[in-house]
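Undergrad: Chains as they are written, first to last, in the working numbering: chain A, 1355 to 1786; chain B, 1355 to 1786; chain C, 1355 to 1786; chain D, 1355 to 1786.
No lab work stands behind these hints: they were computed from the structure.
Be aware that one or more of the hints could be misleading.
If chains are identical, the list can't say which one is meant, so a pair holds when it fits in one copy or spans any two.
Straight-line Cα separation of at most 30 Å, DSSO-like style, residue types lysine-lysine; simulated pairs [to be verified]: (1) Lys1545 - Lys1458; (2) Lys1369 - Lys1458; (3) Lys1369 - Lys1675; (4) Lys1782 - Lys1545; (5) Lys1703 - Lys1458; (6) Lys1545 - Lys1369; (7) Lys1422 - Lys1675; (8) Lys1675 - Lys1689; (9) Lys1545 - Lys1585; (10) Lys1703 - Lys1584; (11) Lys1369 - Lys1736; (12) Lys1675 - Lys1545; (13) Lys1584 - Lys1545; (14) Lys1422 - Lys1765; (15) Lys1584 - Lys1689; (16) Lys1782 - Lys1736; (17) Lys1585 - Lys1765; (18) Lys1736 - Lys1545.
Source: prediction; values computed, not measured.
Letter by letter, the chains look like this.
Protein chains: 4
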Amino acid sequence: MPNDMSNTPKPSIFKRRESDARSYCRGFDTTFVKATGSEMTDANGDTYIDFLAGCSSLNYGHNDPDMKAALVEHITRDGMTHGLDMHTDAKGDFLRAFEQHILKPRGMDHKVMFTGPTGANAVEAAMKMARKATGRTNIISFTNGFHGVTMGALSATGNGYHRGGAGLPVGGHVTRMPFDGYMGEGCDTSKFLEAMLGDASSGMDAPAAILFETVQGEGGLNAASAEWVKKVCDLAHEHGALVIVDDVQAGCGRTGTFFSFEEMGITPDIITMAKSLSGYGLPMALTLVRPQHDVFGPAEHNGTFRGNNHAFVTAQVAIEKFWSDSAFQDSLATKALVLTTGLQELADKIDGAYLKGRGLMQGVDVGSGALAGEICARAFQKGLVIETSGPNDEVVKVLAPLTTPEETFRKGLSILLDAADEVLEQHKIAAE
Amino acid sequence: MPNDMSNTPKPSIFKRRESDARSYCRGFDTTFVKATGSEMTDANGDTYIDFLAGCSSLNYGHNDPDMKAALVEHITRDGMTHGLDMHTDAKGDFLRAFEQHILKPRGMDHKVMFTGPTGANAVEAAMKMARKATGRTNIISFTNGFHGVTMGALSATGNGYHRGGAGLPVGGHVTRMPFDGYMGEGCDTSKFLEAMLGDASSGMDAPAAILFETVQGEGGLNAASAEWVKKVCDLAHEHGALVIVDDVQAGCGRTGTFFSFEEMGITPDIITMAKSLSGYGLPMALTLVRPQHDVFGPAEHNGTFRGNNHAFVTAQVAIEKFWSDSAFQDSLATKALVLTTGLQELADKIDGAYLKGRGLMQGVDVGSGALAGEICARAFQKGLVIETSGPNDEVVKVLAPLTTPEETFRKGLSILLDAADEVLEQHKIAAE
Amino acid sequence: MPNDMSNTPKPSIFKRRESDARSYCRGFDTTFVKATGSEMTDANGDTYIDFLAGCSSLNYGHNDPDMKAALVEHITRDGMTHGLDMHTDAKGDFLRAFEQHILKPRGMDHKVMFTGPTGANAVEAAMKMARKATGRTNIISFTNGFHGVTMGALSATGNGYHRGGAGLPVGGHVTRMPFDGYMGEGCDTSKFLEAMLGDASSGMDAPAAILFETVQGEGGLNAASAEWVKKVCDLAHEHGALVIVDDVQAGCGRTGTFFSFEEMGITPDIITMAKSLSGYGLPMALTLVRPQHDVFGPAEHNGTFRGNNHAFVTAQVAIEKFWSDSAFQDSLATKALVLTTGLQELADKIDGAYLKGRGLMQGVDVGSGALAGEICARAFQKGLVIETSGPNDEVVKVLAPLTTPEETFRKGLSILLDAADEVLEQHKIAAE
Amino acid sequence: MPNDMSNTPKPSIFKRRESDARSYCRGFDTTFVKATGSEMTDANGDTYIDFLAGCSSLNYGHNDPDMKAALVEHITRDGMTHGLDMHTDAKGDFLRAFEQHILKPRGMDHKVMFTGPTGANAVEAAMKMARKATGRTNIISFTNGFHGVTMGALSATGNGYHRGGAGLPVGGHVTRMPFDGYMGEGCDTSKFLEAMLGDASSGMDAPAAILFETVQGEGGLNAASAEWVKKVCDLAHEHGALVIVDDVQAGCGRTGTFFSFEEMGITPDIITMAKSLSGYGLPMALTLVRPQHDVFGPAEHNGTFRGNNHAFVTAQVAIEKFWSDSAFQDSLATKALVLTTGLQELADKIDGAYLKGRGLMQGVDVGSGALAGEICARAFQKGLVIETSGPNDEVVKVLAPLTTPEETFRKGLSILLDAADEVLEQHKIAAE
């Protein structure tokens, strides 16, 4: 922690010069200066437990020591930093590790497309590729889906606030279907999809692809069942459409396995990855695609930062450290249980509240965005970084680093429960 | 340089697992392992002079020692790596440096929007912002413009190969106008723009913005005159449209000044920056916007990697090192002269060839993509990394690091001239 | 009937010179030369009972004698034929009759917009007007809806064959919802609409309008229940959207009342009318709009043939003759019963067949387009003009003139039943 | 003329019940009750010379006696009125006449597609057909072009007022190019088109078709030169695009020949016709298409009123009466001369005014919409129906029936000149 505070920023620079589009800094109104593992430290020397993890970009925690060592070594020896999409040793090493520890063990023959280093770009590439590969233009996406805010990705994103930012109608070439559970229990929404696809006059044009998250992170931790996902994939293939799984937020172990769909008996044609892929929080994204759909010509979809070699270096370490045997994955099941237990305790405090999500991507729908917001704000005051999600921000969402030590994890949950208690107590007093 | 080659990648991994969309690696078919300044070294220990500079992403050369030192220090002390868009010391320090050395001296009141760390994302944000700010949807862009390949940016991009990759018609909400010089000498294309804007039945809807590069990098080094740029900006403002200058490739000193438009007497409403912004080749992008058009609400345009703190650290060094006084800028004028002289020599060798571009963003139109390609390929064999541009790849383009020592610069030009000689000689022999 | 056949066309002219887009003439392969009431006569002197009625454009039969007399009188006295949208006596007289006998008794304050004389044009005007009036772009339409094939109307039309004709993706600015009954019994599809409208992240942008037919004519005689229609209209108004009822095919008495929605307790904001409006089969269309949404400026939506005075003359007669008292409407209920009885007899002959539709817009879903087509073809051989509808042409549809005398009506039904018997007998023989 | 005024409309019905979209009735504020040839009579018994001719829909004048006789005979004998697109004797007779007198003598192998009976619908069909036939989506249209206001046609229409009526951005899938003369003398706008088409990075996607009027009626009587038209057609075919000539307003003799392009040495792939096609002002439209591009399947583009048999009857008479020999066409040249002379006299009265147009589609650009409007309003007071056109309504446009007797023609021109004199005199007085 820095003792000399003279170098820490005066807060006014952000208000003075940063666009009003800034957001997280509003809820977490301090200046962070360092971080390790599951803890962040601000310029005042206060530390916070991180239950946000860069929106699932820091699944292995902040500044993992092994990745850090490899990265410093790479920089020190003047290893390639920026390589456009040229071959570099770091890229080759990453690809080999990814092939050996991720693709091969899962029987996946996918090619790896390095896109611009954002999830949105991976989604843009996926959507374009599916359209080019099938010669169709329509892409089916789902209620409450989030896929990014560039124009292509935004057309598939459900959130009205984000859509409104475009300043023009963004609906073109995308058909919106209800996600699993959208119509409540007893209504299998895949039947509506099936009816539309099977009806030549439904008004739904033959789809190039069906695009979905298995757990909708921004949409409110809606977790699709394996049955529904399987059914949707079968429908896609039956009707000549590709399956695109957007694993940007749910991938890299977040749900308990490397890919979020591993235990669902499907093989997506295209998979998008970003966020925790580099392991260290460095910008990196991939679009995985089965060889028969790898239809872009050289540079047809291009971009300057597709060769972020620093990210390749840390990503290689992340894969080898966490995914070369089953130890890490095994630990996730245990932690998920701890999380479920803690969140159930939270839910029990609040009338009508209930758990949502899957694996280490769970939260509690507390019924209103106002209440969820108050709880998170109070938790921050008490040293916990945590956020809401859902269409009305009504879900208190836990996205802790997957590497969070159990003690820290329990401590974070405890802060969260205390914060909830305090907020609920205040409400009681106010109501009296 | 690594002596132990056992760690260098087997080339086959790229063919085996990387998407066919890969491109630069095809022309520069080796594996790079380290780089400093204007030189890159491959796994065989061969070194190359870099006249590509990551497509203008490495204006300060590879792995600048001062940035490197600051970056290693930051990493070593567990400084923030990934910060979403939270306040961090590194971000504050960057903003202060940017304000002090870039914005203030140029009298610019622009706000700084950190977008996803790619030029395309900065352009997407700019286009959305202009539409939201004006309540209009049409954006005017120009023949041969390149702004990225995500759907919003792609609609403004001229290149048919890239447009084709979308798998659907991309023309919506953009009107295409002829760039300066497009119709040859004696035809002022701004007059067509003026006529269309002034005619209620022209079929051009009232524009939200006019979007252009002052020098079209990918489009073939077409440099707009100051008069034309001024006229276009005046027309925009007269008709209630914003001016967006896409300075992703031409900015950061490439044309001889920090912004490419500094000597044109204009103040763009919105400016996009990326590529060399971080100084070190790390992913980072900005959209600068005048306060009155800073209309996005919190997170309305969002993204995971808007807080790449490593990039902030190096970007701060880049600005303080190169732009806190006029020394660096003064040196660019000298180098541009060297470049012009060298390229003129090249042009003189080839019938009909002529110089294009401005500052350190110049090249030679050699009349055909085939010839330009052969010259670049031969140059690579001789140790020079250099690329073509233009609608038919007919321009041999020099984008050397701005920091290239004069001796290296001359050496690179000399390789280029030799390569051209050899290719032309072969053509003569073949013709006989 | 003409005795002199020398003037009847050689069939070859149609094949020689008419576009392959021609259609009905393929199924009814003869040349018609005269028609009165519910009977058509061809060049061979053969007469046919008409159970198609110009797709509900001839609700009052062919060449009604009173309209005919008024029209001949108008023509003979050199009454205005083409009047752009100028005031003419014929237009004034029509408007007065329409006000007195249609609008006033139903408590409707709607303004009358004369659009280009086709249903598609009335729909185009309605969609534009709703968008302009609300400042929103999205329009909700339904599975199996048919609204025309010009680009605006086509975007709301469900039929994939028609959509395919556009040669470009037509889905923009329209969200498709399931019509009443689309998901089978026990599933109230309005609940899905309600959920989407009430969810800020559903991906459905706030709608300008909800557009539907109360009975989907081309879509297969799907009749919405009054409860569903009422619910949809309430949702529209609750969410700031206009209600557009497309009454082009179901209006003018076809369902038993002048407007198809009269007994549903709703007041649509916009209503489109065409087909039987002129009464005589002459091209004429209207868009009715409540005054507060009548937002087009002079000629903002224009067209050359908005003043078809011949049509005004016959339309006035149609309204005064059939709608100035309740006699005609009363007769429709009786005829609908005859129709239901006859069609039930047909349905009983075929496994799984069932009745669809409402009023004098009923048919039988016989389970396959092939069978329905065979029955209609056989009926034509036996002197009955009748067509199929539905996504797979699986519905035998009766659209007889509403004025068909009961005897003729029964005769037509009898031909239909005989045709079905013959076809089914053949199938039995073939199966043995 | 009716003596009994009790049946003439009270003006209030129009204000009370007609949509505010009504337009011509505002400038010509009376109620017309009959018309013959070039004269219209209102309810007050006042007669007007018609120099508007239903916007070129009444090229043969009002209620031509031969067409009238044929129509009354057809109606009286219960000839088919509404025939969907079935074969009828009237349709066959029309087709034969059209083949014999129009297509064959001009060496045209085009197929005849009967579209919905409006020019907009013919244009919609043409655009869809070109897209389907070529598999491309982009259509090139021109500044100041007018093609209708349904969404497909509107996208090709230049007029901003009409475009605004859509309530959503209409620019998709159309590229706008400058019409002949748009950039003034000395600038051949076809060169811009040529450059864009020949440049793979121009941002203009490969066009399905180039769509234009040879004389832009609504756009201000801009007449393209034969050279320009020929060049544009050659470019289209060179680049795999179809040529669509929109002859809705300029066709049927208006420019001096049946088609407006007959003397230009081109054969359009697709031609749209409407307005004067039926001869009598009855709604009728056609899309002519060369057989190889006749790609619609049965009913793929459909519509209820494609079989307006009354229009077929009068259209047949029109063709046989006026186009079976050269007499009528010869008379047009003479009348055009009279028109030019008269309009030159008008132009000479006004500083800077000049003639525009071609054949019997000429007018005078008087420099301002206000002045043009005043002249037309004054002319109406003096018994002449005449309108303005152009982006700012600055052109006084003469569209007299082609059959106008020379005496009536001169009388109309004389009223126009007097009206201009009176208006100019008033302006002089006001200026003093």
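Undergrad: Each hint: holds or not?
TA: Hints, verified against the model:
1. Lys1545 - Lys1458: neither (34 Å within a copy, 45 Å between copies)
2. Lys1369 - Lys1458: Answer is between: at 16 Å across copies they meet the 30 Å cutoff, but 49 Å inside does not.
3. Lys1369 - Lys1675: between (41 Å within a copy, 26 Å between copies)
4. Lys1782 - Lys1545: Neither way: Lys1782 and Lys1545 sit 44 Å apart in one copy and 35 Å across, limit 30 Å.
5. Lys1703 - Lys1458: neither (45 Å within a copy, 53 Å between copies)
6. Lys1545 - Lys1369: Answer is neither; intra-copy 50 Å and inter-copy 41 Å both fail.
7. Lys1422 - Lys1675: both (13 Å within a copy, 26 Å between copies)
8. Lys1675 - Lys1689: within (18 Å within a copy, 47 Å between copies)
9. Lys1545 - Lys1585: both (9 Å within a copy, 23 Å between copies)
10. Lys1703 - Lys1584: neither (35 Å within a copy, 40 Å between copies)
11. Lys1369 - Lys1736: within (25 Å within a copy, 52 Å between copies)
12. Lys1675 - Lys1545: Neither: 42 Å inside a chain and 49 Å across chains, both beyond 30 Å.
13. Lys1584 - Lys1545: Classified as both: same-chain Cα gap 13 Å, cross-chain 25 Å, threshold 30 Å.
14. Lys1422 - Lys1765: Classified as within; 26 Å inside a copy, 37 Å across copies.
15. Lys1584 - Lys1689: For Lys1584 and Lys1689, only the intra-copy Cα distance (27 Å) is at most 30 Å; the inter-copy one is 50 Å.
16. Lys1782 - Lys1736: Close inside one copy (20 Å), not across copies (79 Å); limit 30 Å.
17. Lys1585 - Lys1765: neither (40 Å within a copy, 50 Å between copies)
18. Lys1736 - Lys1545: Cα proximity of Lys1736 and Lys1545: none, with 46 Å in one copy and 42 Å across.
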